[in-house]
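S.K.: The primary structure of each chain is shown beneath.
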Amino acid sequence: MKIEDYEVPEGLYYSKDHEWLKVERDVCRIGVTDYAQKSLHEIVFVDLPKCNIDVTSKQPLGTVESVKAVSDYFAPIGGKIIEVNDVLSNKPDLINMSPYDEGWIAVIKPENLEEIKVLMDSTKYAELLKSIIKN
Amino acid sequence: MKYNNGVYSLTLKTQLFQYHEKNSHLVDFADFKMPLWYEGVGPECLAVRNSVGIFDISHMGRTFVSGPDAEAFLNYVTTNNVTTLRSNHAQYTLLCNSEGGIKDDLVIFKLGDNQYLVVFNAGNREKDFTWIQKNSKDYKVELKEASNETAMISIQGPKALATVQKLTTTNLSETIRFDCMFAKVSEKECILSRTGYTGEDGVEISVMNASVNDPSKALELWEDILKAGKDYEIKPCGLGARDVLRLEAGMCLYGNDITESTNPLEARLSFVVKVDKGDFIGKEAIIRKKEDGIKIKRVGLRVIGKGIPRAKCKIIKNSENIGTVTSGTYSPLLNLGIAMGYVPIEYSNEGNKVSIEVHGKLIDAEIVGVPFYDPKIYGVKRSS
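Protein sequence lines, in the order shown, are assigned to chains Z and W. Everything in the first sequence is counted per numbering that gives the first Met the number 0, starting at 0 for the first residue and increasing by one. Everything in the second sequence is counted per numbering that gives the first Met the number 0, starting at 0 for the first residue and increasing by one.
No wet-lab data here; the hints were simulated from the structure. Honestly, I wouldn't trust all of these hints.
[Unchecked claim] Below, in silico cross-link-like pairs of lysine-lysine (BS3-like), each with a Cα-Cα straight-line distance of 30 Å or less:
| no. | chain 1 | residue 1 | chain 2 | residue 2 |
| --- | --- | --- | --- | --- |
| 1 | Z | 49 | W | 352 |
| 2 | Z | 37 | W | 12 |
| 3 | W | 360 | Z | 79 |
| 4 | W | 305 | Z | 15 |
| 5 | W | 183 | W | 21 |
| 6 | Z | 57 | Z | 90 |
| 7 | W | 165 | W | 229 |
| 8 | Z | 90 | W | 313 |
| 9 | W | 313 | Z | 49 |
| 10 | W | 216 | W | 126 |
| 11 | W | 12 | Z | 129 |
| 12 | W | 360 | Z | 57 |
| 13 | W | 12 | Z | 133 |
| 14 | Z | 37 | W | 229 |
| 15 | Z | 49 | W | 316 |
| 16 | Z | 49 | W | 360 |
| 17 | W | 380 | W | 273 |
| 18 | Z | 15 | Z | 123 |
| 19 | Z | 133 | W | 32 |
| 20 | W | 311 | Z | 90 |
| 21 | Z | 37 | W | 21 |
| 22 | Z | 116 | Z | 37 |
| 23 | Z | 123 | Z | 1 |
| 24 | W | 360 | Z | 15 |
| 25 | Z | 21 | Z | 133 |
This structure is a prediction, so every number in the text was calculated from the model and none was measured.
So here's chain Z without its partners, still in its complex pose (with noise of 0.2 Å):
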């Protein structure tokens, strides 16, 4: 679905400090969303996390930076980093360009899955851009 300028795909779980959550079997990909990607404009930087270390659910995992602006990303779901988008280091506006596919910044596989409930379906952060839209 789109809210004025921002899509929101259905089927991922989302933060409400901006990140996706993509459910794949036993593991799931995060990333930034379109919002996100937006409000920041022109990324020229991306902090990746590192490759096999433990995290916990709304830990901060590095940052995404546009040329005047900083903001920190979290994990959206605790457990243990198993890939990380490389590609953005060379190429950190894939995110502007697509930010729920070759946009994606890293993979975790979480301790507990279960965890994802406290996160929101597509319609609930929907809502969430509606009042921050209206603001």
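Starting from the structure of chain Z, add chain W where the hints point.
M.R.: Same frame as chain Z, but now just chain W:
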């Protein structure tokens, strides 16, 4: 609360706000609602380096200084030598406090005998005016605060002069850098100067009798310049690009790189401090500092590899915190992180390697001279 547009409000708007509101992503800056970017910081920076860009700088402070003691007065409150400034020329200078700390960096335009226009930073409009007024008691001068009655537009880049030339009969090819004069631009009374804050050649236009209450004149000129620069693909540029461009050129931003506690010698601005010109505010303190010797100085820092240093990041050498970044950004031109900061003299040589702590991680950087770009290819001294 500030007085603007006939009302007291928390945010001020320039004469060109109507355009910015429609076309840009706005940001709060020094009490003003200003454009941060229109198309994007990257393309706007590149437009200025490669062709031409236009900036609204009406938020800056403008004060006319006149009267029989105008020259003597400006010599007393600023650090550069106003006596050597000829008519129709401008100079970069500093306003210092009695401890030699920098109150502001500014440009003085000499429009005629004892007739000057002084341009301050936006954030220092009130502070500076109050300060010079307070120090004018013993001088026969008239100070006229004109910020709300004039607009100011900056056109910068290798095609800036060609763009403005289409709108004025004043022959710009007969002018040199820092020249200034009354001129008609697009049939409007203006003060035109070959100045800027990007490292590129360019023109700044102060539009006379263009009150914030009646912005039509400034808006018309803005649109006329956009039309005149169309063949050069002129881009409106926001404060984002303005900040990146000045940092690429190695120029200071007041409040970041220089403050009331910065000495001009540490900031490497001694070229505008003329201690042999007679008395001025801060002179004794600056001379004392010179005799004692400075311990730190401002340097350029270029990141080796990835990462973008930002203001307040720590500069590290041999696990020791040796200084602080005062400005840092990503340079779309150079495609890497660049910064300025202060380090002890013993570490300040170009080529020295240091680390910068960015979001808890150390990144490598090299101390370099400024501008950050190759001056043979970009900037006012470019060879083509």
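S.K.: Against each hint, give a clear statement of whether it holds in the structure.
M.R.: To see whether the hints hold, each was checked on the structure:
1. The hinted pair formed by residue 49 of chain Z and residue 352 of chain W meets the criterion: a straight-line CA distance of about 25 Å does not exceed 30 Å.
2. As the CA atoms of residue 37 of chain Z and residue 12 of chain W are separated by approximately 25 Å, the hinted pair is consistent with the 30 Å bound.
3. Between residue 360 of chain W and residue 79 of chain Z, the direct Cα distance comes to roughly 21 Å. Compliance with the 30 Å bound is thereby established for this hinted pair.
4. Proximity of residue 305 of chain W to residue 15 of chain Z is assessed by CA-CA distance (about 29 Å); at most 30 Å being required, the pair is judged to hold.
5. Simply put, residue 183 of chain W and residue 21 of chain W have alpha-carbon atoms about 28 Å apart, close enough for the 30 Å limit, and the pair holds.
6. The straight-line distance between the Cα atoms of residue 57 of chain Z and residue 90 of chain Z is roughly 26 Å, inside the 30 Å bound, and the hint therefore holds.
7. At roughly 11 Å between alpha-carbon atoms, residue 165 of chain W and residue 229 of chain W fall within 30 Å of each other, so this suggested pair holds.
8. Taking the CA atoms of residue 90 of chain Z and residue 313 of chain W, the gap is about 27 Å. The hint holds against a cut of 30 Å.
9. Of the pairs offered as hints, the one joining residue 313 of chain W and residue 49 of chain Z holds, with about 23 Å between alpha carbons and a cut-off of 30 Å not exceeded.
10. Of the supplied pair hints, the one linking residue 216 of chain W and residue 126 of chain W holds, its CA atoms being roughly 28 Å apart against a limit of 30 Å.
11. Restraint check for residue 12 of chain W and residue 129 of chain Z: the C-alpha separation of about 28 Å stays at or below 30 Å, so the hint holds.
12. Distance hint between residue 360 of chain W and residue 57 of chain Z is fulfilled; the C-alpha atoms sit about 19 Å from each other, no more than 30 Å.
13. Taking the CA atoms of residue 12 of chain W and residue 133 of chain Z, the gap is near 23 Å; set against the 30 Å cutoff, the hint holds.
14. Proposed proximity of residue 37 of chain Z and residue 229 of chain W is supported: the alpha carbons are some 28 Å apart, at most 30 Å.
15. Between residue 49 of chain Z and residue 316 of chain W, the direct Cα distance comes to roughly 25 Å. Compliance with the 30 Å bound is thereby established for this hinted pair.
16. Among the hinted pairs, residue 49 of chain Z with residue 360 of chain W is consistent with the structure: their alpha-carbon atoms are about 12 Å apart, no more than 30 Å.
17. The hinted pair formed by residue 380 of chain W and residue 273 of chain W meets the criterion: a straight-line CA distance of about 25 Å does not exceed 30 Å.
18. For the proposed pair residue 15 of chain Z and residue 123 of chain Z, the alpha carbon gap of about 10 Å is at most 30 Å, so the pair holds.
19. Using a Cα cut-off of 30 Å, the hinted pair residue 133 of chain Z and residue 32 of chain W holds, with the two alpha carbons roughly 19 Å apart.
20. Among the hinted pairs, residue 311 of chain W with residue 90 of chain Z is consistent with the structure: their alpha-carbon atoms are about 27 Å apart, no more than 30 Å.
21. Pair hint residue 37 of chain Z plus residue 21 of chain W holds up; C-alpha atoms about 18 Å apart against a cutoff of 30 Å.
22. At most 30 Å may separate the alpha-carbon atoms for a hinted pair to count; residue 116 of chain Z and residue 37 of chain Z meet this at roughly 26 Å.
23. Our distance criterion of 30 Å between C-alpha atoms is met by residue 123 of chain Z and residue 1 of chain Z, whose separation comes to about 13 Å.
24. Restraint check for residue 360 of chain W and residue 15 of chain Z: the C-alpha separation of about 26 Å stays at or below 30 Å, so the hint holds.
25. Taking the CA atoms of residue 21 of chain Z and residue 133 of chain Z, the gap is near 27 Å; set against the 30 Å cutoff, the hint holds.
When each numbered hint is compared with the structure, no violation occurs for any of them.
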